[in-house]
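Trainee: Protein chains in written order, with this note's numbering: chain A, 1 to 253; chain B, 1 to 253; chain C, 1 to 253.
Among the clues, some could well be false.
Which copy is meant is left open, because identical chains are indistinguishable; a pair holds if it fits in one copy or across any two.
To be verified - Result set (SDA-like, lysine to any residue): computed pairs, CA atoms no more than 20 Å apart in a straight line: (1) K76 to G10; (2) K230 to V164; (3) K230 to V246; (4) K76 to S40; (5) K230 to N181.
Hints were generated in silico from the structure; no laboratory data involved.
As the structure is a prediction and not an experimental result, all values here were calculated from the model.
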Amino acid sequence: MTESSLAQAGTISPLAVVQTSTIGDNVTIGEFAIVRAGASIGSNVVIHPHAVIAEGVVLGDNVEVFPGAFIGREPKGAGATARQPVFERAVRIGANTSVGPHAVIYYDVEIGESTLIGDGASIREQCRIGERCIISRYVTINYNTTIGARTKIMDLTHITGNCVIGADVFVSILVGSTNDNAIGQHGYSDEHVVGPTVRDGAMIGAGAMLLPAVVVGERSIVGAGSVVTKSIEDDTLVMGTPARPVRRLERAP
Amino acid sequence: MTESSLAQAGTISPLAVVQTSTIGDNVTIGEFAIVRAGASIGSNVVIHPHAVIAEGVVLGDNVEVFPGAFIGREPKGAGATARQPVFERAVRIGANTSVGPHAVIYYDVEIGESTLIGDGASIREQCRIGERCIISRYVTINYNTTIGARTKIMDLTHITGNCVIGADVFVSILVGSTNDNAIGQHGYSDEHVVGPTVRDGAMIGAGAMLLPAVVVGERSIVGAGSVVTKSIEDDTLVMGTPARPVRRLERAP
Amino acid sequence: MTESSLAQAGTISPLAVVQTSTIGDNVTIGEFAIVRAGASIGSNVVIHPHAVIAEGVVLGDNVEVFPGAFIGREPKGAGATARQPVFERAVRIGANTSVGPHAVIYYDVEIGESTLIGDGASIREQCRIGERCIISRYVTINYNTTIGARTKIMDLTHITGNCVIGADVFVSILVGSTNDNAIGQHGYSDEHVVGPTVRDGAMIGAGAMLLPAVVVGERSIVGAGSVVTKSIEDDTLVMGTPARPVRRLERAP
Numbered sequence: 001m002t003e004s005s006l007a008q009a010g011t012i013s014p015l016a017v018v019q020t021s022t023i024g025d026n027v028t029i030g031e032f033a034i035v036r037a038g039a040s041i042g043s044n045v046v047i048h049p050h051a052v053i054a055e056g057v058v059l060g061d062n063v064e065v066f067p068g069a070f071i072g073r074e075p076k077g078a079g080a081t082a083r084q085p086v087f088e089r090a091v092r093i094g095a096n097t098s099v100g101p102h103a104v105i106y107y108d109v110e111i112g113e114s115t116l117i118g119d120g121a122s123i124r125e126q127c128r129i130g131e132r133c134i135i136s137r138y139v140t141i142n143y144n145t146t147i148g149a150r151t152k153i154m155d156l157t158h159i160t161g162n163c164v165i166g167a168d169v170f171v172s173i174l175v176g177s178t179n180d181n182a183i184g185q186h187g188y189s190d191e192h193v194v195g196p197t198v199r200d201g202a203m204i205g206a207g208a209m210l211l212p213a214v215v216v217g218e219r220s221i222v223g224a225g226s227v228v229t230k231s232i233e234d235d236t237l238v239m240g241t242p243a244r245p246v247r248r249l250e251r252a253p
Numbered sequence: 001m002t003e004s005s006l007a008q009a010g011t012i013s014p015l016a017v018v019q020t021s022t023i024g025d026n027v028t029i030g031e032f033a034i035v036r037a038g039a040s041i042g043s044n045v046v047i048h049p050h051a052v053i054a055e056g057v058v059l060g061d062n063v064e065v066f067p068g069a070f071i072g073r074e075p076k077g078a079g080a081t082a083r084q085p086v087f088e089r090a091v092r093i094g095a096n097t098s099v100g101p102h103a104v105i106y107y108d109v110e111i112g113e114s115t116l117i118g119d120g121a122s123i124r125e126q127c128r129i130g131e132r133c134i135i136s137r138y139v140t141i142n143y144n145t146t147i148g149a150r151t152k153i154m155d156l157t158h159i160t161g162n163c164v165i166g167a168d169v170f171v172s173i174l175v176g177s178t179n180d181n182a183i184g185q186h187g188y189s190d191e192h193v194v195g196p197t198v199r200d201g202a203m204i205g206a207g208a209m210l211l212p213a214v215v216v217g218e219r220s221i222v223g224a225g226s227v228v229t230k231s232i233e234d235d236t237l238v239m240g241t242p243a244r245p246v247r248r249l250e251r252a253p
Numbered sequence: 001m002t003e004s005s006l007a008q009a010g011t012i013s014p015l016a017v018v019q020t021s022t023i024g025d026n027v028t029i030g031e032f033a034i035v036r037a038g039a040s041i042g043s044n045v046v047i048h049p050h051a052v053i054a055e056g057v058v059l060g061d062n063v064e065v066f067p068g069a070f071i072g073r074e075p076k077g078a079g080a081t082a083r084q085p086v087f088e089r090a091v092r093i094g095a096n097t098s099v100g101p102h103a104v105i106y107y108d109v110e111i112g113e114s115t116l117i118g119d120g121a122s123i124r125e126q127c128r129i130g131e132r133c134i135i136s137r138y139v140t141i142n143y144n145t146t147i148g149a150r151t152k153i154m155d156l157t158h159i160t161g162n163c164v165i166g167a168d169v170f171v172s173i174l175v176g177s178t179n180d181n182a183i184g185q186h187g188y189s190d191e192h193v194v195g196p197t198v199r200d201g202a203m204i205g206a207g208a209m210l211l212p213a214v215v216v217g218e219r220s221i222v223g224a225g226s227v228v229t230k231s232i233e234d235d236t237l238v239m240g241t242p243a244r245p246v247r248r249l250e251r252a253p
């Protein structure tokens, strides 16, 4: 193809499909990217090739969307799912946030400013994610979950539905969380399907599992590989399977 | 690009590459999707942008294929793999099934009706998956594995090769399974490379590991974080590392 | 679209964007793939549809790049990351190596010959991977990590930054490794952020976690589900949480 097909900074490739007219200044859109009518694109946004931006998606200034990312996925509630999805057809991505290659952001998600969404991270409907967070590679986040500012969730971790994670939390790699002791046998209801609450400043070690409805207290630490079956007070180090308190943690002065 | 490039319901985008003529009524194919000659597409199928449907793939009526999904991947047996892949150049996806964004379905796979394949799930050759299943996000399934009807396998779980999973099974998140105690040191043979068998109605908790050739009995439950080194009888709750029986489970009346 | 849009062996699709002129003989480039100016493509290379090959990427002879793979990703160091990325704008992929669908290879990565990179594997900057390795599906490898020849890393495993993995190592599925006991609280420095060292011939069982700076000795084996908190001598089997020596292993004659 010709030189005119280059996706250069500040240019919209003629090989992109751009159906919206709500586009800021100095926007770059790569080849074979798709921006649907009804999307809103801020200034200095970079949309790499093969990304798909659906109707109702709002990208703040300086947002970068890497190749193959898909923002504005409709949740699919087929016969096989217990919970029927509820959602608005909107996504809001804050300024300076970046969305990694092949990441999937469902409808009805809000992400704050200056957050990094890693390669292939998948965030379902009704989630709210704060500013200056890191949601790392292949992290999957389920429906109706809130994550506070400056929280970091490392690679290959799963955050369950109906979960609340505070600010300044660190969740290491390969951490799991669950929300249903009945494992789906009783169908879906908001009352008995409750994910963990992880309070501000807590740290969850690599490979730990958090069982339904447990609370991890402020600044508490869960050791690597622990299985947390009961709630943990503030400023407490726990370890083991099931996790038991090891000692109180002193707060930094 | 022009209005004619819209991927509207029931229309085939002029920006798609459609090489087959076996296409049902009311099919939608998005921009930059590829449907090879020799693929067969049922009625009311929706193929999102950037999906690739290879030769020999059969999509039933009402199937939905999300952006970037790749159906009909050839397994690649380079020098580095012990087992040389065996496969037919065919994939059959049942009616009403959906295939998530960036999912990869290898050749020689059959998937039943009304099943959900999650974002980025990857299913290798010689697998058979039942109807009304959920194979969730980033689940990877190895070669020659069978999964029964209505079974749910949650995010980031790995199902090994030469494995048999029954019907109505629930496998939680981040569960692992393995099939080779010699860890590849003796090369590949069907006799000593045997994955677990998980019988109908069993439940495997979050983060559990199932070692080669173990059998999990009908309706038995494996606690979160357990390492299963020995077979488990029917209707038994096991926990721990290594997993030991905790109690018998009463069957629902 | 017309017959001319077929991506046949040895042909470059007119629907691809090919901006480099450094291309060997008998190269196949699929529809909607992008090969930037300044990339170098060996003979008999196959680049599937929707792949992106950035400037400065060198693909050896017979390399195969599957759909949606992205080679030459720039690391993104936003406000949220402690460590500012350091990298050269180059990637070198050895002859006969294949890169799976949706895999992401960052800049400043070298991969040896005849290695398999699995579906969605993500390899960050400053990594060096040997020949005849398998880096399997959704494995994520962090910055500045070295992996020796013939080493196999199975699905959904995370290899941390500043990590050294020897030759002929086997790392099973869902294995985690970490590099920072302070969990990011002290900011980034090379001195206190140190990943594990896994020496030649070692084997790490499914779901094991390796904590910062531990050394796994030559030919040692870590049992499934273990949490390794201390270094392990050569030829030693360890198990448990925390992992303790179980017995010495005899070396093969």
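Trainee: Could you run down the list of hints and mark each one as holding or not?
Mentor: Consistency of the hints with the structure:
For a Cα distance limit of 20 Å, the shortest separation of K76 from G10 across copies, 19 Å, qualifies, whereas the shortest one inside one copy, 35 Å, does not. For the identical chains of this complex, K230 and V164 are intra-copy neighbours only, at 16 Å inside a copy versus 34 Å across copies, given an alpha-carbon limit of 20 Å. Taking CA atoms no more than 20 Å apart as the test, K230 paired with V246 passes in both settings, with 14 Å inside one copy and 19 Å between copies. With identical chains, the CA atoms of K76 and S40 are never at most 20 Å apart, being 24 Å at best within one copy and 23 Å at best between copies.
Within a single copy, K230 and N181 get their C-alpha atoms as close as 13 Å, which meets the 20 Å cut-off; across copies the closest is 24 Å, which misses it.
In terms of the numbered hints stated before, the structure departs from hint 4 and from no other.
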